[in-house]
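> Below are the chains, spelled out letter by letter.
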Amino acid sequence: MTYVAFQMLIGDRAKYIGLLFAVAFSTFLLQNQTSIFSNLMKRAGNQIRDVTDADVWVMAPKTEYFDQTKALQESDLQKVRGVSGVDYAVRIFKGLPIAKTRKGQFAACSVLGLDDATLLGAPRNMILGNWQDLWKPNCIVLDKAGYLLLFPGEELKLGQELELNDQRVKVVGISDALPAFTTFPLIHARYTEALTFQGRQRQQLSFVLVRPTVGTSPDELATRIAEQTGLMALTTSQFQRASVVYYLKNTGIPVNFGITVVVSIIVGLVVTGQTFYLFILENLKQFGALKAIGVTNGSMLGMVLFQSSLVWFVGVSIGTALSATFFNISSLVIQLRHFIFFWESAVGVAAFMLLIIALASSAGLMRVIRLQPAEVFRS
Amino acid sequence: MNAVHCQQIEKSFGQGETRTKVLRGVDFAAAQGEMTFLVGPSGCGKTTLISIIAGLLASDAGSVSLFGESLCSLSARDQILFRRRHLGFVFQQYHLLPSLTAAENAAVPLLAAGMNRKLAVKKATELLGALGIGNRADAAPRLLSGGQQQRVALARALVHEPRLIICDEPTAALDHKSGESVMELLSSAAVHPDRAVVVVTHDNRVFRFAHRIAHMDDGVITHIESPGNQI
Ligand SMILES: Nc1ncnc2c1ncn2[C@@H]1O[C@H](COP(=O)(O)OP(=O)(O)O)[C@@H](O)[C@H]1O
Ligand SMILES: [Mg+2]
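Chains A and B, in that order, are what the protein sequence lines are. So for the first sequence, numbering that gives the first Met the number 0 puts the first residue at 0; every next one is plus one. So for the second sequence, numbering that gives the first Met the number 0 puts the first residue at 0; every next one is plus one.
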């Protein structure tokens with residue numbers, strides 16, 4: 000009877016294609032929205048994730064997220080260095096000066112000032128140049144998206160000049176830094192020089208980057224630093240999570256996406272569920288004739304299960320392929336760089352669609368099972 | 000032994016005020032090797048009676064036995080399996096599955112019984128040939144005339160060699176000529192010493208095909224005629 004079920008399903012091409020379209024479209028919409036949302040929120044932690052040289056971040060107490068900084072004292076750095084289990088602890092400065100080009104383009108830039116002696120926290124993914132050139136005077140590394148913003152229409156090349164608070168600097172490297180939530184161009188420079196970009200000579204120690212000695216876990220060390228110095232110390236993943244949570248709580252983005260996702264879910268439910276339920280109802284007469292002929296309820300169940308799993312499999316495959324194609328193409332768009340198709344959203348949405356189709360087919364199946372076979376004599 | 004034996008069948012529909020008694024103590028029998036007609040005015044309860052005989056509907060009172068076996072002694076599942084094995088149906092509206100070919104439609108009872116599809120379709124195609132539409136075996140039902148569709152339905156009723164065939168107004172949707180030829184096929188292909196054929200009709204032009212005619216009115220059998228088969 001599987002064959003009969005298969006023919007019933009594909010017999011009416013228009014209906015079958017409609018059904019597949021509904022499933023594929025809902026799958027695509029949901030996977031797309033949930034993945035984009037997760038990617039966007041993940042950006043709130045990207046600048047932290049990008050600093051691969053640190054396992055623990057030390058900051059002023061009550062700091063909530065990466066872009067909120069309160070200066071630490073030089074003595075705080077010494078205190079952190081004094082905690083046992085610290086392999087190294089270096090300063091990092093975070094500022095937001097305005098950069099100007101010769102042609103008059105300007106933009107607020109997110110500047111990271113790296114420890115002069117070690118350059119710990121330098122970008123590791125370089126498109127052009129070497130981060131080691133930051134040791135030369137008045138040199139910076141700019142990220143690719145920032146370059147395209149500040150030098151629109153120009154090809155990627157080294158040696159371009161920027162002016163930061165009357166300070167002339169040269170671009171000696173172009174990085175492929177992970178995009179930050181704020182979308183500002185990302186500049187890496189040496190600590191002492193970065194301070195002058197800001198126009199303030201006072202020491203501005205934003206964070207202390209710490210790596211534990213072998214045998215000490217970051218969690219353990221973070222707790223110890225917090226206890227012994229009274230500062231706030233978070234592991235890289237804790238700090239990322241805190242920053243993401245801050246944006247989740249304090250921007251309209253989750254609400255906005257939440258609405259889209261809820262609407263997609265409803266559309267998916269209504270379109271897919273309804274279409275599939277109607278498909279079964281429209282075939283009720285056929286099921287009735289089969290029932291009179293002596294097809295058992297178990298067989299009917301098998302037929303409906305077969306039809307629904309086939310629709311699910313083909314529809315979700317098409318939808319997932321569309322999503323994958325979307326993320327493949329969108330990764331070429333500079334604003335959407337590093338946006339990935341989360342497998343969690345692919346699998347989660349596939350499971351959700353399975354649930355919807357299972358619900359719709361159980362509803363349809365109830366009708367089939369309750370059907371009075373004697374109805375076939377009535378036209 | 001009678002193939003079908005009904006005693007004092009009663010059946011009502013509806014609730015309370017609108018409850019109407021459709022069958023009021025029907026005694027009915029159909030013998031193997033014969034074609035038994037059930038005739039009577041529209042609404043007198045013919046369809047209700049054959050639904051009960053076929054086990055598609057439960058009666059309120061009375062007993063039905065098929066080939067000496069009492070239907071109500073079987074479990075619901077065994078009733079379905081009994082139906083699948085021993086009964087064949089022809090409906091007024093054919094009820095062919097639109098997305099299957101003629102041969103596949105005729106093969107459905109074999110498929111339902113678990114026969115391999117190739118073999119089932121082969122058997123059905125042979126039968127369609129015997130019923131004179133072998134050349135339309137691969138056609139979709141919507142491409143067939145009413146008479147051809149009813150022949151496919153006839154093949155579906157016969158393909159698994161059932162012991163009882165039940166037809167409800169098989170010629171009502173057909174013009175006179177196709178109706179006539181469907182009845183001819185029914186009497187030549189379906190009648191068999193081991194099989195009973197029950198035909199509900201009010202088409203008196205086909206009465207001559209009957210071995211026995213049970214007249215029904217207002218929920219009871221009024222009289223039985225034995226005209227003898229004139230063919
Ligand atoms: N499921 C049902 N519910 C209510 N009334 C029914 C039902 N089936 C049949 N009837 C009524 O029973 C009577 C007999 O119907 P039926 O057996 O179809 O007659 P026939 O086949 O002789 O024309 C009719 O009045 C019809 O309206
Ligand atoms: Mg009737």
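By construction, these hints were calculated from the structure, which means they are not laboratory data. Treat each hint with caution, since some may be false.
[Unchecked claim] Simulated DEER-style distance windows between Cβ atoms: (1) B/S62 with A/R377: 50 to 60 Å; (2) A/A362 with B/M114: 50 to 60 Å; (3) B/K117 with A/N255: 54 to 64 Å; (4) B/A112 with A/G347: 24 to 34 Å; (5) B/H222 with A/A362: 42 to 52 Å; (6) A/V262 with B/K117: 22 to 32 Å; (7) A/D11 with B/S72: 51 to 61 Å.
All C-beta atoms in this analysis are idealised placements derived from N, C-alpha and C, irrespective of residue type, glycine included.
> None of the hints should be skipped; say for each whether it holds.
Quick rundown of the hints versus the structure:
For the pair B/S62 and A/R377, the beta carbons lie near 25 Å from each other, so the given range of 50 to 60 Å is not met. For the pair A/A362 and B/M114, the beta carbons lie near 32 Å from each other, so the given range of 50 to 60 Å is not met. Restraint check, B/K117 to A/N255: a C-beta distance of roughly 58 Å satisfies the suggested window 54 to 64 Å. At roughly 42 Å, the beta-carbon separation of B/A112 and A/G347 lies outside the given 24 to 34 Å, and the hint is violated.
For B/H222 and A/A362, the Cβ-Cβ distance of about 49 Å falls inside the hinted range of 42 to 52 Å, so the restraint holds. A hinted range of 22 to 32 Å is violated for the C-beta pair A/V262 and B/K117, which are about 49 Å apart. Our hint of 51 to 61 Å for A/D11 and B/S72 is violated, since their Cβ atoms are close to 42 Å apart.
Hint violations for this structure: numbers 1, 2, 4, 6 and 7, all remaining hints satisfied.
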